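Engineer: Kindly generate the complete structure, drawing on both the sequences and the hints.
Per my numbering: the sequence shown = residues 1402 to 2353.
Mixed in with the good hints there might be a few duds.
[Stated by the list, open to error] The calculated DSBU-like cross-link candidates involving lysine-lysine, where the alpha carbons are at most 35 Å apart (straight line), are:
1) Lys1703 x Lys1547
2) Lys1821 x Lys1537
3) Lys1680 x Lys1967
4) Lys1834 x Lys1967
5) Lys1967 x Lys1899
6) Lys1687 x Lys1547
7) Lys1967 x Lys1687
8) Lys1834 x Lys1537
9) Lys1821 x Lys1703
[What the hints assert, rightly or not] Label-pair restraints from in silico Cβ distances:
10) Pro1473 x Glu1735: 47 to 53 Å
11) Pro1734 x Pro1678: 57 to 63 Å
12) Asp1602 x Gly1464: 50 to 56 Å
13) Ser1601 x Asp1948: 49 to 55 Å
14) Val2197 x Arg2049: 35 to 41 Å
It is worth saying that the hints were derived from the structure and are not from the lab. A quick note: this is a predicted structure, and the numbers were derived from the prediction, not measured. Cβ coordinates follow ideal geometry from the N, Cα and C atoms, glycine included.
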Amino acid sequence: MPVGHNAAADGSAQDAQPAVDEFRFAVDHIPGLLWSSQADGYVDFLNLRWLEYTGMSHERAIGWGWQEALHPDDLPSLLQVWQQLLSTRSAGESEARLRRFDGVYRWYLFRATPVFDMAGALIKWYGQTTDIDDFKQAEALLAGEKRLLEMIAQSSPLHATLEAMCRMVDHMVPGAVSSVSLLSDDAVYFSELIAPGLPSDITDRRERSPISERAGPCSVAAYERRQVIVQDILQDQRWNNFAVRFAPIGLRSCYSTPILSSDGSVLGTFALQTRTPGKPTDHQQKIIDHFTHLTAVAIESKRTDAALRESEERFRRMAETTLDVIWITDLHPEVVRYVSPSFEQIWGESVDALYRDARLWTQLIHPDDAVRVFALFNRGIQADGVNRYDTEYRIVRADGTIRWIYERAVFIPDEQGEAKRVSGISTDITERKMTEAALRESQERFSLAVAASADGIWDWDIRSDALFISERAQLIFGLEIGTGITVRPRAQWRQLIKLHSDDAEPYTRLLDAYLSGAVPVLDGEWRVQHPDGAFRWIRVRGLGVRDTDGKATRLAGSVSDIDTQKRTEAALEKSRRLEAMGTLAGGIAHDFNNILGVILGYGEMGMQHTRKGSRLRRSLENIMSAGDRGRSLVDRILSFSRSGIGERRPVHVEEVVNEALNLIAATLPADIRIETTLDADRAAMMGDATQVHQVVMNLIINAIQAMPDGGALRVSLRPQHLPHPHITTTGMIPAGSYLLLRVADSGCGIEPDVLDRIFDPFFTTKDVGVGTGLGLSLVHGIVTDVGGAVDVSSTVGIGSIFTVYLPQTGEVEHRRTTRTPALPRGAGQRVLIVDDEELLVRLAAEILTDLGYRPICFNASIAALAAFHDDPSQFDAMLTDDRMPGMSGFALIAAIRSMRPDLPILMMTGFIEETASRKTQLESPDAILKKPLSATELAQGLHGILARRLVE
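Structural biologist: This is the structure:
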């Protein structure tokens, strides 16, 4: 019954009218194009969004006039579908292009749903028109990229590849002509022009004049390494020569972009010529950026194999920037080979977890959808099944939220035709599904959904300056929820919401730009201060209603809490930076280790031949002391670079903390008091006790140095279970059981602008000579390597708190001390010594000679291999370095083992963990010792492998 019929009799019309007005307002301003028609298909309603988008009046569009807004090529097929739905009285959908008010066509999905009365008679059609243009463009772009990358991978001729790319661009941008100009090898002039859309008399001209800032747009773009935009060649006098060739064929504008190689050199230019004057549209600029990059990949792949690897990495980066989830899975066994990072945002699970267990994908599918999805998947695996599927399903994330997924996948067969791999794209269509659900729901249910949303809602009536902010939005903005009063003048809300000082101006600038019509959507990210004083990141999005003059009259939208996402991104970036610096530090430490090995080795030998108390003995002792300090510094650098980690075993953490506290107590300044609370009992972690000791000592020393005037040092240790993943200063850690080591001081605190750099190696705020800047870097490296994290909070003038999360693994007993065995000696065995450091070779030879062995020395692994090949039986054992030029230690071992598998082999290295992880059965040495070696370590190591081989 139409609203108002027979309602006045009981006075309910007046009550119903406000609800109708509110519902009409919501329908008119919901982000979607809605319509309805009579049973025969006569359209009798189009919402305000539909009319504003097409620029049509209600009188013109109603009935059958709406067809004027359809693309002529798409209208017949759409009408055919519409007539079929009318005849079958069933719901359906179809795709077509809809003309915007400015003449631009965009792809839309048209959906229609019938409504029947109680007797089963069709009385109404309701429909929704959803913008899918970005999706269609993305599909076309992805298909084009795939085709081009396949041509590149198949080593197609460069000219054919670039010509296909230009044809593809010309198809994607109607009315435009693309071209690629290749620079000569010496980057002086253009050697070739590829432009299938241009007449041959233009493409055949090869001007070999040098590129400069005064030639055509492409020449300027290549010379100045920047994009050159010519909005109208007929109006810009700088391009007269260019206009002579291109104006006669109807081209008026040119957007030329330099093609840069991976090392930054100019390879050529990619140009888009259009028939309409003006700047490039957003879509055109996206096409330019995309295909300029693909052109660079194609050119580089033909020049060097290294460039091919770079192009593959770039494709991976492109895939990782999309909001869709791109994935590749092997089927036998089921292993995920690749998944883009957007998986974490949509599924709410880590990429690493999916790599470890591919079943995570199936475990998260909604129970009501699982059987259907499994059936589709199994049909593709079968030999005679379909080779692709296209479906929608729901997932249930760990936090209980449900997301809708639209998934397209293709099965890749092996040589026997059986599916061996499946690759697909998964798109989060939750918002689209929510829109469809909202269309079917009543106003009351829609209001309940808004109230339950994780985002906050706001609505600003600009004319009255009244601003509505929902309770959820108030919480996100950092406000205390009011007593039911959510509508106030906007000025009052602005006084309550405390934006970060750096964000106030960008916020005002974006709002003014949207209100003036300079930007199409209000969408910004800012920081707001909460009652506890902390700033949290939020995202504000909104759309407005404008009057006939284009002036905004109403603005509504949502606010989202994105603080966790921002902190996670910052932590990941910091982790990547520290990892890169750790690699550099490890390389330096490796070279220094060889120098220390010579110093300590010869120092140790020299002390054996000097008299105690003599001046020479004291000098040698000072050298050894300095060398030990250098070795300690190298160990700290290697620990930071995660290249010096030894064998992991259960560590009694509380016992190690007690040892460190007892050690530091003797040197503790009198004006500093220690307060300890150790409640971990026998709790243990997997790691290296020495490194845990380093973590504790570095944190305590750092705290003491932060209190030059004395104060309180509080050290605590306790177990704690984290039920959910937790974000710390150095990154996110998964849920689980941890040991919390907390070191707090009452010192000077850390300045906010310094806090982000405290874990950088060699960065220190201390005076010269006080510290190296490696302490906290070492803490970060050790803790991160065992799967933990460090959290830091600090207030200037009050103090700092460092909280270390160490993964807990069971319990341990007290450590027991063992007696050091006597130094073993040799019995004339011939030992092959190989090291590219000549001084280390001499040192090892002298030590082994003194121990009763017969050393045969080589400075080059290839020469050593040749000598061994001549007579493999003359050697009783081999001592070799790991990293050597020409042939590495592992390669040398493999060659030796192929000739004599039973030869005892001892390897020396400064990178224990890395070296141990690279071992294979053929390359594996009998033992690995860490540089620099002492005579005792060398004697025991060599004796051990000889005795072990003798027993075997």
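Engineer: Does each hint hold? Answer for all of them.
Structural biologist: Verification of the hints:
With a C-alpha separation of about 18 Å, the suggested pair Lys1703 and Lys1547 falls inside the 35 Å cut-off, and the hint holds. For the proposed pair Lys1821 and Lys1537, the alpha carbon gap of about 29 Å is at most 35 Å, so the pair holds. Of the supplied pair hints, the one linking Lys1680 and Lys1967 holds, its CA atoms being roughly 34 Å apart against a limit of 35 Å. For a cut-off of 35 Å, the pair hint linking Lys1834 to Lys1967 stands: about 27 Å separates their Cα positions.
Distance restraint check for Lys1967 and Lys1899: the Cα-Cα separation of roughly 19 Å lies within the 35 Å cut-off, and the hinted pair is therefore satisfied. A distance of roughly 17 Å separates the Cα atoms of Lys1687 and Lys1547; the hinted pair therefore holds under the 35 Å criterion. For the proposed pair Lys1967 and Lys1687, the alpha carbon gap of about 26 Å is at most 35 Å, so the pair holds. Distance restraint check for Lys1834 and Lys1537: the Cα-Cα separation of roughly 18 Å lies within the 35 Å cut-off, and the hinted pair is therefore satisfied.
Our distance criterion of 35 Å between C-alpha atoms is met by Lys1821 and Lys1703, whose separation comes to about 30 Å. In this structure the hint that Pro1473 and Glu1735 lie 47 to 53 Å apart at CB holds, the actual value being about 49 Å. Roughly 59 Å separates the CB atoms of Pro1734 and Pro1678, a value that falls within the hinted 57 to 63 Å. Judged by the Cβ atoms, the range 50 to 56 Å given for Asp1602 and Gly1464 holds: they are separated by roughly 52 Å.
At about 54 Å, the CB distance of Ser1601 to Asp1948 agrees with the hint of 49 to 55 Å. As the Cβ distance of Val2197 to Arg2049 is approximately 38 Å, the hint placing it in 35 to 41 Å holds.
The structure shown violates none of the earlier numbered hints.
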